[in-house]
Structure formats: structure tokens, C-alpha cells
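The whole structure should be built from the sequences, with the hints applied where relevant.
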Amino acid sequence: MEKRTAHYDLSAVVVLVRQHRAAAFTKTALDGGRRMGLTVSEMIEAVCRLTPRRLYKSMTTHADSAVWQDVYHADTPAGQAYVKLTLRADGAPVIQFKELDP
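Using numbering that gives the first Met the number 0, you'd call the opening residue of the sequence shown number 0 and step up by one each time.
To be clear, the hints were calculated from the coordinates, so they are not data collected in a lab. Hints may contain errors.
With a straight-line cut-off of 25 Å between C-alpha atoms, the simulated DSS-like cross-links for lysine-lysine are [claimed, not checked]:
hint, residue 1, residue 2
1, Lys97, Lys2
2, Lys26, Lys97
3, Lys56, Lys26
4, Lys56, Lys97
5, Lys56, Lys2
6, Lys83, Lys56
7, Lys26, Lys83
8, Lys2, Lys83
9, Lys83, Lys97
What follows is the structure in C-alpha cells.
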């Protein structure tokens with residue numbers, strides 16, 4: 000399922016990213032940012048600069064239709080990034096961070 004409105008409060012995600020820094024990113028997200036040539040600080044800054052206007056879509060996971068993921072397009076020093084966010088008690092909120100396909 001997809002929708003064009005955010006499922007999660009972006010400001011709550013930003014607070015978590017500022018608090019937890021690198022721990023707010025999954026290994027997959029960190030690896031994706033590094034492949035773009037970004038430092039963790041640059042990735043954190045890109046997420047913290049997101050605005051609701053940058054929302055691309057919100058979608059459920061393939062494995063569980065009750066779990067939502069908000070997808071944003073972020074500006075970084077290396078170009079645009081595809082950033083997937085979720086808020087779950089048991090995991091990092093930034094689950095994907097990779098170069099946005101042109």
C-alpha cells in the first residue's frame with residue numbers, strides 16, 4: 000500500500016537522528032551513504048535538513064502491511080539521496096540511504 004502523506008512525524012525522526020547519530024542508521028543505510036562518498040556527519044545533516052515537502056511517498060513493507068516506511072528525497076554534498084525512514088521501538092529510524100536514481 001502507498002500514500003502521499005507521511006506516516007511518521009518527521010520532527011520525531013530528526014530528534015532521534017540528532018540524539019543517536021550513527022546508531023540511528025542501519026548498516027545498509029550507512030553503507031549506501033558511504034558509497035555516495037558521504038561521511039556520517041553529512042548523512043546526519045541531510046536527514047536533519049529534510050522537510051515535509053521532500054516526502055516522495057509512504058509505503059508499507061512487503062513483509063508486513065502494518066509497518067510503514069516514509070521515503071524522502073534529500074540533498075547531500077554528493078547529490079540527491081533516497082532516504083527511507085521508519086519509527087519502530089526495536090530499530091534504527093533511517094533504514095535506507097542511497098543515491099537517487101536520475
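message: For a C-alpha distance cap of 25 Å, please report whether Lys56 and Lys97 respect it.
response: The given pair, whose Cα atoms are some 16 Å apart, holds under the 25 Å limit.
- prompt: Regarding the pair Lys26 and Lys97, is the alpha-carbon distance no greater than 25 Å?
  reply: 12 Å, holds
message: For a C-alpha distance cap of 25 Å, please report whether Lys83 and Lys56 respect it.
response: 10 Å, holds
message: Check the hint pairing Lys56 with Lys2 against an upper bound of 25 Å on the C-alpha distance.
response: With a Cα-Cα distance of about 6 Å, the restraint between Lys56 and Lys2 holds, given a limit of 25 Å.
- request: For the pair we were handed, Lys26 and Lys83, check the Cα-Cα distance against 25 Å.
  value: Within the cut-off at roughly 13 Å; holds.
query: Between Lys83 and Lys97, does the CA-CA distance stay at or below 25 Å?
result: 9 Å, holds
query: Going straight from one Cα to the other, do Lys56 and Lys26 come out at no more than 25 Å?
result: Since the Cα atoms of Lys56 and Lys26 sit roughly 23 Å apart, the hinted pair holds (cutoff 25 Å).
- prompt: Keeping to a limit of 25 Å between CA atoms, is the pair of Lys2 and Lys83 held or broken?
  reply: 14 Å, holds
- prompt: For the pair supplied as a hint, Lys97 and Lys2, is the alpha-carbon distance within the 25 Å limit?
  reply: Given pair Lys97, Lys2 holds - Cα atoms ~21 Å apart, limit 25 Å.
In the structure shown, no violation is registered for any of the earlier numbered hints.
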